[in-house]
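Peer 1: With the hints as extra help, turn the sequences into a complete structure.
Residues in the sequence shown are numbered consecutively from 71, following my numbering.
FYI, nobody ran anything at the bench for these hints, they're computed from the structure.
One should not assume that every hint holds.
[What the hints assert, rightly or not] Ranges of calculated distance between the beta carbons of each label pair, as one might list FRET restraints:
(1) ASP106 to ILE129: 30 to 36 Å
(2) ILE129 to ALA108: 29 to 35 Å
(3) ASP72 to ASP164: 15 to 21 Å
Backbone N, C-alpha and C fix where the C-beta goes; we use that ideal spot for every residue, glycine too.
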Amino acid sequence: MDAAAALADLTEISSQVETAALLSSEGRVLASSFGDDALAERLAGAARSLLTAARDVPIGAGRTLTQLHVALRDGSVFVVSEGEHVLAATTAADPTA
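Peer 2: In structure tokens form, the structure reads like this:
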């Protein structure tokens with residue numbers, strides 16, 4: 071499955087997801103739900119910054135950061151890192167309610 075198809079599947083089955091971008095582990099945008107490359111790059115940049123900051127937090131020996139969730143008043147940002155890919159997604163407020 072290619073990156074665009076995987077992202078389309080995610081947004082189809084996860085109605086809470088408002089925007090999403092699939093990135094390479096180097097941070098290059100592979101696919102996004104945006105019609106605008108500048109917006110996709112903005113989400114990618116935020117995801118890279120969040121991952122960098124979160125990786126500086128000591129979480130214990132032998133543990134690896136794989137996901138993070140930032141809850142804001144108006145919505146949430148989720149970043150998941152798995153192997154060679156990073157997924158960044160935004161949702162409306164209270165996405166799990």
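Peer 1: Indicate, hint by hint, whether the structure satisfies it.
Peer 2: Right, here's what the structure says about each hint:
For ASP106 and ILE129, the hinted distance range of 30 to 36 Å is satisfied, since their beta carbons lie about 35 Å from each other. Checking the proposed 29 to 35 Å range against ILE129 and ALA108 shows it holds: the Cβ atoms sit about 33 Å from each other. The supplied range of 15 to 21 Å is broken by ASP72 and ASP164, whose beta-carbon atoms lie about 32 Å from each other.
Hint 3 from the list above is the single one not met by this structure.
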